[in-house]
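Heads up: the protein sequence lines correspond to chains A and B, in order.
Here my numbering is used: position 232 in the first sequence is 232, and no number is missing along the way.
Numbers in my numbering are just positions in the second sequence, counted from 1, shifted up by 365.
Hints in this document: simulated from the structure, not taken from any laboratory.
All clues given are correct.
Ranges of calculated distance between the beta carbons of each label pair, as one might list FRET restraints:
(1) A:Ala114 x B:Ser375: 58 to 66 angstroms
(2) A:Gly194 x B:Arg470: 53 to 61 angstroms
(3) B:Phe476 x A:Leu125: 29 to 37 angstroms
(4) B:Lys475 x A:Ala222: 16 to 24 angstroms
(5) A:Ile136 x B:Glu426: 43 to 51 angstroms
(6) B:Asp441 x A:Leu122: 27 to 35 angstroms
(7) B:Arg470 x A:Ala114: 29 to 37 angstroms
(8) A:Leu190 x B:Phe476: 28 to 36 angstroms
Listed next, the stretches of chain A that the computed footprint assigns to chain B, with coverage defined by at least 3 CB atoms under 8 angstroms from CB atoms of chain B:
(9) 238-244
(10) 247-255
In this text, a Cβ means the ideal position worked out from N, Cα and C, and glycines have one as well.
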Amino acid sequence: MVSEIRDERVRSVSRLSRLLSRPELGAAAGTVLVFVFFAITAGNTGLFSAKGIVNFLEVSAQLGILAAPVALLMIAGEFDLSVGSMIGFAGILIAIPAVFWGWPIWLSLLFTFAVCGGIGALNGLAVVRTGLPSFIVTLGSLFMLRGLTLGLTRGISGRTQVSGVHELAQNDPLNSLFSGQVFSGVIAWLADLGLIGKRADGMPSISGIPVSIVWWIVLTLACTWLLTRSRFGNWIFAAGGEANAARNLGVPVARTKITLFVMTALAAALFAAIQVLVTGSADTLRGTQKEFEAIIAVVIGGTLLTGGYGSAIGAMFGALIFGVVQMGIFYTGIDTDWFKLFMGAMMVIAVLFNSYVRNRAMRSR
Amino acid sequence: MAEPYVELKSVSKYFGSVVALKDVSFDVCPGEVHCLLGDNGAGKSTLIKTLSGVYTPDEGEIRVQGKPTRFASPADTRDSGIATVYQDLALVPLMSVARNFFLGREPMRKFGPISQFDAEFANRTAYDEMSAMGIQLRDPEQPVGTLSGGERQCLAIARAVYFGAKVLILDEPTSALGVHQASVVLKLIVQSKARGIGVIFISHNVHHAYVVGDRFTLLKRGRSTGTYAKGEITRDQLLNLMAGGKELVDLEQELAKSARSSPA
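With the hints as extra help, turn the sequences into a complete structure.
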């Protein structure tokens, strides 16, 4: 007969205490805090009008598109510092064939996604094969891609900016996937109900939801599903948590990491596609420092820098905080020079808080 | 006597000029605990690695259920029902018990075209398999990092048994544990034996081995000094046979002598 070995020193854990050990907790609390802060200081400036909300959500969405796959990669224990340069490079890859070689936009978009995915795979292969820290390998890619972008653009166009994409994209079948707005009907209906303000000419103050916000939400949900509900997600956690144990149990750690590098590169290409089609131009300096902003959003979201722990929902909160603070500072009239100071401090506080939460999670049960 | 599940016959293994194992025979039957004892450097690791398919023997043969076998790889060995639980246990501390239990062999459940990780099945199975080994989990979703040493050992063993192990090779499972946790692991060994699993228990702790072992094989400098059934040998005899047994007695006498000659 089996005798039960029960540890008498254990209390049962409450639902609350379990909730308190979730990785997103810090970011969710931070988001509430930031909203309360700006509701008090910028409540009547229009930050929380329909127009203001769309403005900060659009900023958050762009960063969030990067942050979701970057979170998965960081949970797998790797960094990708090349995403910022990849944005600039991808923008040029879309604009140059379209503007100078007469390619249709959809073709240069497909071409861009293919090339960026390939470079992501090379990043991953280099990290997995050499065993060097991904920090160093992708720091190399950061500089190489930026250099390549500048060299190619100046070589082909003689300038550092390529414009004129708008006219070419007008009737392209893929254009509406990356630019423009959705749910215009819903917005008009809400405006008729009086839930959204109208302009003097009777039109709603916003004409729809920018499509980037939809991408952000869909990507975050997809990454969350991957992480928590798929086999691949289990491998991501294991690759970052204890790669050796994972390998011994037959988990394809190398393939998992390479796939994630491809995903971050594709996210950078998506970011660029949205940016180029919305603004109508590409610039060699686009995406500068985005790799760090993405890491900040992910870390605020509760992902451990050493891997093995984290969430994509947390990264979404991180991006949301980023957008609200950036636009909030703008609306309240505080000198925007202070924005980076604020975000840096926010990240350090988040890391302290998150490591406290994680230690709690590891001890309290 | 039952037919041995796995058997090493006069196995030798050389590394260049070093004789790691010479003419060693060793076997384990279903439902039996066979202890492999020896000091550091006696050849225990080489023997385990030969049994688990990491090394191929230079001389002699391995038989599984009576049939001569050559293991192509550790995975091949695992497929023939021989599971090795190494000291690092192959666990990921930040992941939940259930996810560790099924890591690399995730149970999936289909929802139309998508199939996703069957968390409910994983939780239930991990919980049931652990309690079948006598460990009551508080929560199958708790991180492995919150488990005690004995509970982790239980997880690794239960996992191996669940995925079809007929023979368990336990590499020093009690060496890093305190007294209480070590007794938990010894219970696990008895538990596995009761389920008809052959256990190869590697240790240099005679006290732990003697409690649960049915047979004892001693390795000394790459050679077997013999296999003894529990009835044939006492704990003290076993201790003396172990390298260090004689040394300890000598040391004791020496200390006693020096205590007499230098009164405090």
